[in-house]
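Undergrad: Generate coordinates for the entire structure from the input sequences, incorporating the hints supplied.
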Amino acid sequence: MQRSVTQKWRPPLTLVIGGTLAVVLGLPVLGIAWFKMAGNILGWLETAQLFAAVGIVATLVLAFLLWRLVLRPIRRLSDYAQAMREGRFAVPPPEHFGTQEFSALGRNVIDMAEALRGREAVLRSYADHATHELKGPLTVLRGAAELLDSPTLEPEDRSRLLARIDEAADRMTALLDAQRVLARAQEPLSRGQARISPFLPELQMEHSDLELTLEADAVLPLSADGLRLVLDHLLGNAAAHGATEVRIAATPGELRVSDNGPGVSPGNRDRIFDPFFTTRREAGGTGMGLPIVRRMLEAHGATIALEPEKGAVFVVRF
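For the record, in the sequence shown the residue sitting at position 25 is 25 according to the UniProt record's numbering, with numbers rising by one throughout.
By construction, these hints were calculated from the structure, which means they are not laboratory data.
Treat each hint with caution, since some may be false.
Just the calculated beta-carbon pair ranges, DEER-fashion [stated by the list, open to error]: (1) Pro-221 <-> Pro-155: 58 to 64 Å; (2) Leu-66 <-> Pro-28: 44 to 50 Å; (3) Arg-158 <-> Thr-251: 54 to 60 Å; (4) Leu-65 <-> Met-112: 25 to 31 Å; (5) Arg-158 <-> Gly-267: 38 to 44 Å.
The calculated lysine to aspartate or glutamate pairs, modelled on EDC-like cross-linking and capped at a C-alpha distance of 20 Å, are [claimed, not checked]: (6) Lys-310 <-> Asp-270; (7) Lys-310 <-> Asp-225; (8) Lys-135 <-> Asp-79; (9) Lys-135 <-> Asp-166; (10) Lys-135 <-> Glu-167; (11) Lys-310 <-> Glu-298; (12) Lys-135 <-> Asp-177; (13) Lys-310 <-> Glu-215; (14) Lys-310 <-> Glu-211.
Even for Gly, the Cβ is constructed at its ideal location relative to N, Cα and C.
TA: Take a look at the structure:
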């Protein structure tokens with residue numbers, strides 16, 4: 001659930017401080033003027049008592065405003081930051097702040113807390129999935145090691161077991177590499193802008209089994225490294241699922257990548273961005289390519305979606 005600071009007009013902090021100083025400095029001056037005007041009419045004692053009452057009321061009002069506009073927002077924001085530091089992400093954020101400056105600070109703190117909460121959820125989910133996924137290769141390694149210890153093992157069976165060990169090791173390496181890339185994808189790459197055309201020939205060489213067509217080449221608000229990472233994963237996904245042609249269109253604020261492959265079945269559309277979801281497990285797929293792309297784009301404030309069209313059509317919106 002996205003959390004935010006309630007948007008309403010609040011006085012700037014300079015106005016609050018300036019008003020406080022004006023009252024503190026102006027009250028004695030007003031008192032002197034009051035004594036001169038009302039002293040002869042009400043009497044000096046009554047004038048002093050009335051002025052004292054006004055001063056007490058003004059002090060109480062000023063204290064209330066300072067508490068409401070300055071002290072309470074600071075205390076609530078401090079308590080919220082403390083809760084986030086302790087990992088208590090269920091604690092609701094403050095809804096109101098006294099001044100414009102505290103409102104801006106509150107938005108930044110809440111956004112930071114949301115990012116930390118989302119990152120923790122992703123890492124926890126990955127750890128759970130990774131533990132499950134690594135059990136398979138580890139079971140293969142343990143079983144193969146026990147069988148290899150047999151003195152009566154035939155050479156052909158030994159070769160077959162060694163091949164299974166290699167496959168299990170490759171699977172574990174791929175999963176660990178995906179973990180490293182996922183962790184890096186959550187950090188914003190260097191900010192910048194880039195076009196696709198400068199590195200399109202390199203992409204074509206790396207994905208020689210695909211025919212790439214660049215239909216539009218607008219500048220996108222993503223660094224060249226980030227843009228290459230997105231396209232590399234999307235092109236690899238297209239090739240792995242039987243596509244031979246990919247069309248790329250970069251328009252202002254949007255990147256569209258479509259292929260002529262079989263597309264994604266309706267039952268899998270809602271799961272393709274889930275970590276470790278893959279329909280190519282036997283072929284070595286880790287199911288981490290699209291989740292990595294999504295996490296990297298989210299770190300840059302962008303989104304990616306699968307459009308319900310013929311073939312696989314991914315749309316990135318910045």
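Undergrad: Each hint needs a verdict: does it hold in this structure or not?
TA: Status of the hints after comparison with the structure:
The beta-carbon spacing between Pro-221 and Pro-155, approximately 59 Å, falls within the hinted interval of 58 to 64 Å. Judged by the Cβ atoms, the range 44 to 50 Å given for Leu-66 and Pro-28 is violated: they are separated by roughly 19 Å. Checked against the given bound of 54 to 60 Å, the beta carbons of Arg-158 and Thr-251, roughly 58 Å apart, stay inside it. For Leu-65 and Met-112, the hinted distance range of 25 to 31 Å is satisfied, since their beta carbons lie about 29 Å from each other.
A hinted range of 38 to 44 Å for the beta carbons of Arg-158 and Gly-267 is consistent with their spacing of about 41 Å. A distance of roughly 17 Å separates the Cα atoms of Lys-310 and Asp-270; the hinted pair therefore holds under the 20 Å criterion. Distance restraint check for Lys-310 and Asp-225: the Cα-Cα separation of roughly 29 Å exceeds the 20 Å cut-off, and the hinted pair is therefore not satisfied. Between Lys-135 and Asp-79 the CA atoms are separated by roughly 41 Å; this puts the pair beyond 20 Å, and the hint is violated.
The hinted pair formed by Lys-135 and Asp-166 meets the criterion: a straight-line CA distance of about 16 Å does not exceed 20 Å. The straight-line distance between the Cα atoms of Lys-135 and Glu-167 is roughly 14 Å, inside the 20 Å bound, and the hint therefore holds. Only pairs whose Cα atoms come within 20 Å are accepted, and Lys-310 paired with Glu-298 is rejected, the gap being roughly 26 Å. Of the pairs offered as hints, the one joining Lys-135 and Asp-177 holds, with about 17 Å between alpha carbons and a cut-off of 20 Å not exceeded.
Restraint check: the Cα-Cα separation between Lys-310 and Glu-215 comes to about 18 Å, which is no more than 20 Å; the hinted pair holds. Our distance criterion of 20 Å between C-alpha atoms is met by Lys-310 and Glu-211, whose separation comes to about 18 Å.
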